[in-house]
Amino acid sequence: MNNETLNKLEFDKIKQHILSFATSQIGIELIENLSPYTNKSIIERELKLTVEMKDLLAYDDPFPIDGIKDIRIALRRCEIEESFLTPSDFLDIKSVLTASRLIREYLNKRAQKYPNLWELARNIFVNRVLEYNIEEIIDETGNVKDNASPELRQIREEIIRKQDYVRKRLYAILKQISEKDYTQDDIIPQRDGRLVIPIKVEHKRHVPGVVHGTSSTGLTVFIEPAEIVELNNEILQLQFQEQKEIERILRELTNKVRENLQYLQTNINILAKLDFIYAKAKFALQIDGYAPEISDDGPIVLNSAYHPILLLRHGRNKVVPLDFKLGDSSSVLVIAGPNSGGMTVALKTVGLLTIMTQAGIPVPLKESSKLRIFKKVFIDIGDEQSVEKDLSSFGSHIKNLKKIISEADNKTLVLLDELGSGTDPAEGGALGIAIIEKLKAKGSSVIVTTHNSTIKFYAYNNPKIECGAMEFDHQTLAPTYRLRIGVPGSSYAFEIAKRLGLDEEIINSAKKNLNEHQVKAEEILSRLEALEVEYRKLVNELKEKDEKLNKMISEYKQKLAEVEREKKKAKKEAFAELREIAENARAKIEEAIRKIKETEASKESIKHAHKVAEQINKQFHELSKQLEEQKDEIIELKPGDLVKMRDGTQIGEVLQVDGSNVVVAFGAVKMLLKTDVLEKVEQKEAKKLTSAIDLFAPVSTKIDVRGMRADEAISAIDKFIDTSFLYRLKRIEIIHGKGTGKLKKEIAEFLKRHPNVKSFRSGSWEEGGDGVTIVELNVD
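Just so we're aligned, residue 1 is where the sequence shown starts under the UniProt record's numbering, counting upward by one.
No lab work stands behind these hints, which were simulated from the structure alone.
Certain hints may be false.
[Unchecked claim] In silico lysine-lysine, BS3-like type, Cα no more than 27 Å apart, as pairs:
(1) K48 to K109
(2) K411 to K399
(3) K69 to K145
(4) K551 to K719
(5) K638 to K569
(6) K402 to K442
(7) K48 to K69
(8) K113 to K48
(9) K376 to K348
(10) K180 to K204
(11) K282 to K370
(12) K48 to K273
(13) K758 to K719
(14) K638 to K557
(15) K719 to K644
(16) K13 to K273
(17) K13 to K370
(18) K348 to K440
(19) K113 to K40
(20) K366 to K318
(21) K15 to K48
(22) K325 to K752
(23) K738 to K273
Work out the full structure: start from the sequences and follow the hints.
Set out below in structure tokens:
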């Protein structure tokens, strides 16, 4: 992609924002050279790396990115035989070795959470021995330590001993001559590596020795007294030996670095890449960026997309998001609308988000969005007239369009702002249509903004071209900055002029100057847009009513089921009471018969009594039969009862009962079941039960379904909701991750239908963002 397009779409400003997050010069260089990729696998890998780093920075411990130094020059110098590195070089190399070790250890511990980052970091070379060797020789200030070698320690101790002796002698001399007022100060400075005393210039002849310069004022000379010249010579000789020993030590340490040169070069390349990814991820966090689904030839679908520059400048609350679609049925979209209504911003948003995504940068939109990969992106925008080149604004556009048409193909995105402007409207419109037709024939994806009525009606009447309008509020006479796809837009020049206070007489006069067809055309466009807005409003209202109706139906079904349960319960209680009455009556009759026998009553009386008893007995059996039938419909369970599935053989133990919901342990698994699928089992039928392990009980209010297939996730969520409802939890969290957004969509569709779900929403920033769904349950 050419730099002119990237600059017009403000990609350079995006890179400047990303640069501010880089921690190293080598990372900065990678960002400066960043441009969009065109290979799908590379783009996907870059996005995965950046999204993983974004998640790491948002939810994990701090990433140890500090300490990456640019050691490339030192490593190149190290390639030269007999060369040796400086102490500061070794400090930088040690910093890189430490950063390499910490980063590799960090990502190794989290390899399963961030597999793509680990795949990159696993090739980092860790050499704790070399790191330790440098630590032993170079101190934190960049000096060679005294104990770097026994020889160096001995030399430095001798230097200190001799310098102390020289200072004592100099102070003695200084004391003697200061009584004569020969000295300028009572300090012992160094000149040319030799200890001297400051003497007033007029008294320099009174102190025999070697002059080593004068002060800046010329009032003081620095003299090395004759008696310590030889001692200073000895110190200089020792300092020379010190430097030779330091050089020997540095050469030896350089050889150790040279042995690991290839590994260090690999490390610095990986660390540069990680710093590059880190900076992109920090920027993605700043704009709340996500990775859309990408394809080589699919549609462009932007849901709640933001222009990143506007987002950073004004904040999310003050920027209107863009909903956009192109590519399903048409490769050309013509957008019309009022001046300052957001057409150009919409055009640039599509272009910028496309090249950012292809550069591996997550963008501010919903994860359900889709973007297509383009080999080329061209834009014709703004007023580029040039006096020096003798080009008018229109001429500049034509020159740019000529280049675009010659280079465009079916892998090209073309963005044309205000096509047909800058010349006679009729001729500009005709020319604009011809340009659109040419680009359409080449298979390019084309997005056009225009105020030209000829182009607007051409697009509206062409079934292979999609129309779009920037919404206009007819109440406030102001643009809303929302894009509506599928309806042509009006420019609303008269309405905006009126809102801005232009004399109404002038506006009415202007309307008269338009021909009848132009007036009708603009009126039709305006009415169409107003009707489309009203239609969308009605659709939204119907959706809300439909949701309320579905909720009412669900509530009604729940209440009906509750009534049925209460009805069955009351019926069962009535049968139980009747049975008790019948049993009491039978007992009384039997008692009466016994007494009759004892009192030798007549046979007729006894026979009659037996007949009554038999009738009661018959009624009792009928009631018992009805009771048994009722038991088939509903059973009463309590904790400790043994049950089995009606169509199964495995026996379980009832742990908890809540209405028709029962928690049953089958061996090592707990399940939440309805009573109508269970039947009681007598103790003698039961086998020994094992202690239960609770797989679904809501020990927390969260369930994690990341990595599951949609059907697996929904099955687990269904059981989790049932159990949470049983425990009267009002609020639960479903962690499904961001990914492509497909799993989240499937879960949302399931939640809409679940009778125990009151409402649900995406998580806030603190709750996990779009990777989490918060569910409110109907437990009141």
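Here is how each hint holds up against the structure:
no. : hint         : in the structure
1   : K48 to K109  : holds, 19 Å
2   : K411 to K399 : holds, 22 Å
3   : K69 to K145  : holds, 22 Å
4   : K551 to K719 : holds, 21 Å
5   : K638 to K569 : holds, 15 Å
6   : K402 to K442 : holds, 14 Å
7   : K48 to K69   : holds, 26 Å
8   : K113 to K48  : holds, 12 Å
9   : K376 to K348 : holds, 15 Å
10  : K180 to K204 : holds, 12 Å
11  : K282 to K370 : holds, 23 Å
12  : K48 to K273  : holds, 14 Å
13  : K758 to K719 : holds, 16 Å
14  : K638 to K557 : holds, 26 Å
15  : K719 to K644 : holds, 19 Å
16  : K13 to K273  : holds, 21 Å
17  : K13 to K370  : holds, 24 Å
18  : K348 to K440 : holds, 20 Å
19  : K113 to K40  : holds, 23 Å
20  : K366 to K318 : holds, 18 Å
21  : K15 to K48   : holds, 19 Å
22  : K325 to K752 : holds, 26 Å
23  : K738 to K273 : holds, 24 Å
Violation of the numbered hints given earlier is absent; every hint is satisfied by the structure.
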